[in-house]
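Can you build the whole structure from these sequences, using the hints too?
FYI, the numbering for the sequence shown is 1 to 801, going by the UniProt record's numbering.
Simulated from the structure, these hints should not be mistaken for laboratory data. Incorrect hints may have been included.
The calculated lysine-lysine pairs, modelled on BS3-like cross-linking and capped at a C-alpha distance of 30 Å, are [what the hints assert, rightly or not]:
#1 Lys594 <-> Lys465
#2 Lys61 <-> Lys71
#3 Lys542 <-> Lys465
#4 Lys495 <-> Lys381
#5 Lys486 <-> Lys787
#6 Lys495 <-> Lys507
#7 Lys465 <-> Lys507
#8 Lys449 <-> Lys347
#9 Lys168 <-> Lys231
#10 Lys594 <-> Lys563
#11 Lys594 <-> Lys463
#12 Lys547 <-> Lys465
#13 Lys229 <-> Lys168
#14 Lys542 <-> Lys449
#15 Lys507 <-> Lys547
#16 Lys61 <-> Lys495
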Amino acid sequence: MATSMLLPFIQKVRIPTSGDKVYKEECVLCYDTPESDSGLYVCMSTFLGFCKKHVQAYFFKTSNSLFLHLKRFKREVEGQDVPTSTPTKLAIGLEGGFNVGGKKYEYEDHNSIVLMPELRVISLPCPDLPESVQLSIGSILEIDAASIQEEADALAGTWDGMQREVTKHADTLVQLDNGVKIPPKDWQCQVCGLKENLWLNLTDGAIHCGRKYFNGQGGNNHAVEHYEKTKYPLVVKLGTITSDASDVYSYDEDNMVIDPNLPQHLAHFGINIKDLQKTDKSMVELEIDLNQRIGEWAIIQESGTKLVPLYGPGYTGLENLGNSCYLNSVMQVLFNIPDFRKCYYEKCDNIFNEFILDAPRNINVQMAKLAYGLWSGEYSKPPENVKDPQEPVPELPGIKPRMFKNLIGQGHPEFSTKRQQDAQEFFLHLISVLERHSRGRENPADSLKFEVEERIQCSTSKKVKYTTRTDYLLSLPIPLDAATNKEELDAFEIKKAEILARGDRLKPDEIVRPRISLQACLDCFSSLELVDDFYSTAINAKSTAYKATRLHTFPDYLMLHLKKFTIGDDWVPKKLDVSLDVPDELDLSALRGKGIQPGEEELPEAVSTEKEFEYNEALLYQLSDMGFPLDACKKALYFTQNEGIDSAMNWVMEHMNDPDFMDPFHLPGANKNNPNFTPNSAASATIVSMGFTPAQAAKALEATDNNLERAVDWIFSHAEEMEVDSPAVPEVKAQFRDGTEKYKLVAFISHMGTSTVAGHYVCHIFKDGRWVIFNDNKVALSENPPKDLAYLYIYQRISSS
Numbered sequence: 001m002a003t004s005m006l007l008p009f010i011q012k013v014r015i016p017t018s019g020d021k022v023y024k025e026e027c028v029l030c031y032d033t034p035e036s037d038s039g040l041y042v043c044m045s046t047f048l049g050f051c052k053k054h055v056q057a058y059f060f061k062t063s064n065s066l067f068l069h070l071k072r073f074k075r076e077v078e079g080q081d082v083p084t085s086t087p088t089k090l091a092i093g094l095e096g097g098f099n100v101g102g103k104k105y106e107y108e109d110h111n112s113i114v115l116m117p118e119l120r121v122i123s124l125p126c127p128d129l130p131e132s133v134q135l136s137i138g139s140i141l142e143i144d145a146a147s148i149q150e151e152a153d154a155l156a157g158t159w160d161g162m163q164r165e166v167t168k169h170a171d172t173l174v175q176l177d178n179g180v181k182i183p184p185k186d187w188q189c190q191v192c193g194l195k196e197n198l199w200l201n202l203t204d205g206a207i208h209c210g211r212k213y214f215n216g217q218g219g220n221n222h223a224v225e226h227y228e229k230t231k232y233p234l235v236v237k238l239g240t241i242t243s244d245a246s247d248v249y250s251y252d253e254d255n256m257v258i259d260p261n262l263p264q265h266l267a268h269f270g271i272n273i274k275d276l277q278k279t280d281k282s283m284v285e286l287e288i289d290l291n292q293r294i295g296e297w298a299i300i301q302e303s304g305t306k307l308v309p310l311y312g313p314g315y316t317g318l319e320n321l322g323n324s325c326y327l328n329s330v331m332q333v334l335f336n337i338p339d340f341r342k343c344y345y346e347k348c349d350n351i352f353n354e355f356i357l358d359a360p361r362n363i364n365v366q367m368a369k370l371a372y373g374l375w376s377g378e379y380s381k382p383p384e385n386v387k388d389p390q391e392p393v394p395e396l397p398g399i400k401p402r403m404f405k406n407l408i409g410q411g412h413p414e415f416s417t418k419r420q421q422d423a424q425e426f427f428l429h430l431i432s433v434l435e436r437h438s439r440g441r442e443n444p445a446d447s448l449k450f451e452v453e454e455r456i457q458c459s460t461s462k463k464v465k466y467t468t469r470t471d472y473l474l475s476l477p478i479p480l481d482a483a484t485n486k487e488e489l490d491a492f493e494i495k496k497a498e499i500l501a502r503g504d505r506l507k508p509d510e511i512v513r514p515r516i517s518l519q520a521c522l523d524c525f526s527s528l529e530l531v532d533d534f535y536s537t538a539i540n541a542k543s544t545a546y547k548a549t550r551l552h553t554f555p556d557y558l559m560l561h562l563k564k565f566t567i568g569d570d571w572v573p574k575k576l577d578v579s580l581d582v583p584d585e586l587d588l589s590a591l592r593g594k595g596i597q598p599g600e601e602e603l604p605e606a607v608s609t610e611k612e613f614e615y616n617e618a619l620l621y622q623l624s625d626m627g628f629p630l631d632a633c634k635k636a637l638y639f640t641q642n643e644g645i646d647s648a649m650n651w652v653m654e655h656m657n658d659p660d661f662m663d664p665f666h667l668p669g670a671n672k673n674n675p676n677f678t679p680n681s682a683a684s685a686t687i688v689s690m691g692f693t694p695a696q697a698a699k700a701l702e703a704t705d706n707n708l709e710r711a712v713d714w715i716f717s718h719a720e721e722m723e724v725d726s727p728a729v730p731e732v733k734a735q736f737r738d739g740t741e742k743y744k745l746v747a748f749i750s751h752m753g754t755s756t757v758a759g760h761y762v763c764h765i766f767k768d769g770r771w772v773i774f775n776d777n778k779v780a781l782s783e784n785p786p787k788d789l790a791y792l793y794i795y796q797r798i799s800s801s
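Next up, the structure:
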């Protein structure tokens, strides 16, 4: 019976192999799973999974009729609560992280074969099935889901940072035969006598204290200073040494490492690793302890308040998928911008229908899927049998943006991993991806795009040059010297020193942060900047200049980025722990750029050519010998006019993060066309498919040595160079929205922790006349929105009507 029913469809049945991806965890167009009411339908030809709503559209698009229907029933196991445990990772809601605990469940699967469009069902197991169908079913059920395969391809690691690697000194470490034997207790720093945070050097057995933390605790840097004097590379933290794990640090590798020969290296100093017990906190535990005590964790998450959960469209949470809180916060904020909802949520059905066959790999589909998940209300329904709507109840699990996370991070060295990332960097990465995929289509990021105007005035000739560039967020410096509570800070430093001297720890409510106004940050951004080593085309010589930065256009939504992460005097990354006075309304009229003014005279254009400038070969050799790309070295010498190695090095250090730092360099006015260049045909076809002309594709590929990804980036950052020698190529000119300079605060994203690779992100959004906190899957009314501790602020233009 079953064979006769399936006979017309057997030819399309495939058996998945290790090279196939089976989407059996959730619908590729929404967040329904096998646990949803209607289950999940997996196509036995393409292995794409669909919910009941979307499987019909797929059938009419492809005529694929045979599906494996997966239905899972979840049942709570009575009396089997999972205990809440002490955190061992810098994470929230992840195994080993903060707030782990909950119920234990067991699952029961009821699977079947379903024929479309009549929804005829063949229950499983069914011995009458053709062999090919049975093999296909068995492989679909056995093979890892696509999301698991994609996560396996990413680098491992969580908020602990990168996975530790075996040190290069493991087999070659030199140990001095100096007779040093380490006692089992009563350790202290050989310089200052400190008795905690002690590190044993594995070359000479010296014991010194570790680095000083930003809050004044830790050590006095004597272990680092000992390395700088001796260059003995490996140290192990005393008190963390056990047979299972130890904290080993390599100074010249600048990372925590694994020393597989640690038992032998310790035995050299009379230490038997089997006899040791852990008596001091590891570096991860110290970071967790510090984050728990720093105060901002409790403040930003509004701990201790009775938060009332919210449900419905726009109030859906996102589950934290291996440190994806940075992604969760950014996407919640963006989909509260009307342009993003209009582009993806309101048009999701059209997008699904157009790209359904390529759904897991299409960024427009995955953006639409995420928008549907957040704004349909399907995944944010209030629990049943709640009598009092104001009574807090357990939060919903939240949707899991697995496909979106895997796709948006694909090929990226950081966002493809499970490590914590910087929300600001992810925002810019996302904008870049959307730019690439919106050629000929609506780009919702236009609501955030603005034009920056830079005015440079030569201090000798007084002539000026105006340039513009495109940006999507305004990065503001934080002037610590502008703190408005300096007397309070001085008193706090004295009190902190007394507390630490007693061996006590600071309490969260005792911490006093520098209080700085947002206006002070804006003033610092717009202040005149002295430019040294400026080559003036007016005098054909080096001079100094003054640079002023303004906004040439003002977007509908303005993203402000506060530069909280910086590099300390000791070259160690740190986060500025400050409190910002942030107004609900903002008038940025003073930042309006006006272009060249009456009476100003423009600097002449450079007229030099390749033949008219000769690189100093000795300087060029010195720079390139340091490991810098040759084209970057040429740029440094040109823009410093061969002045010397110091000037060239300064130029390199200032510009090494420029996106075109390693691009082929052509002098202004020089002929850039290489008659012998042949663009890669596949790369050219890909760029042309995005809406560019073959001539534009060739120009971009030539500028980037046929590197497709760099070529696409090059096109968007060199729009002014898109005029090529072809009448068929139109000028590419960016369009900017503009309007009043008055804004109101509508959202902010906060970071908790001491670095971008550790901690947690939470966002607050002003919705329906009240502030709402989005803490991964937790969505609730905010009682005390911590505006002063945020990292990114989103302002909306106030309508002039």
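So, going through the hints one by one against the coordinates:
This hinted pair checks out: lysine 594 and lysine 465 have alpha carbons roughly 13 Å apart, not beyond 30 Å. For the suggested pair lysine 61 and lysine 71, the alpha carbons sit about 24 Å apart, so the restraint of at most 30 Å is met. A hinted pair counts as satisfied when its Cα atoms are at most 30 Å apart, and lysine 542 with lysine 465 qualifies at roughly 15 Å. Taking the CA atoms of lysine 495 and lysine 381, the gap is near 50 Å; set against the 30 Å cutoff, the hint is violated.
A hinted pair counts as satisfied when its Cα atoms are at most 30 Å apart, and lysine 486 with lysine 787 qualifies at roughly 21 Å. For the hint linking lysine 495 to lysine 507, the alpha-carbon distance of about 12 Å falls within 30 Å, and the restraint holds. Pair hint lysine 465 plus lysine 507 does not hold up; C-alpha atoms about 53 Å apart against a cutoff of 30 Å. Straight-line distance between C-alpha atoms of lysine 449 and lysine 347 comes to about 22 Å, which keeps the hinted pair within the 30 Å bound.
In summary, the hint linking lysine 168 to lysine 231 is supported, as the alpha carbons are separated by about 15 Å, within the 30 Å threshold. With a C-alpha separation of about 26 Å, the suggested pair lysine 594 and lysine 563 falls inside the 30 Å cut-off, and the hint holds. The straight-line distance between the Cα atoms of lysine 594 and lysine 463 is roughly 16 Å, inside the 30 Å bound, and the hint therefore holds. For a cut-off of 30 Å, the pair hint linking lysine 547 to lysine 465 stands: about 10 Å separates their Cα positions.
Between the alpha carbons of lysine 229 and lysine 168 the distance comes to roughly 21 Å, so the proposed pair stays at or under 30 Å and holds. Proposed proximity of lysine 542 and lysine 449 is contradicted: the alpha carbons are some 35 Å apart, above 30 Å. At roughly 44 Å between alpha-carbon atoms, lysine 507 and lysine 547 are farther apart than 30 Å, so this suggested pair is violated. The suggested pairing of lysine 61 with lysine 495 is violated, with an alpha-carbon distance near 71 Å, which exceeds 30 Å.
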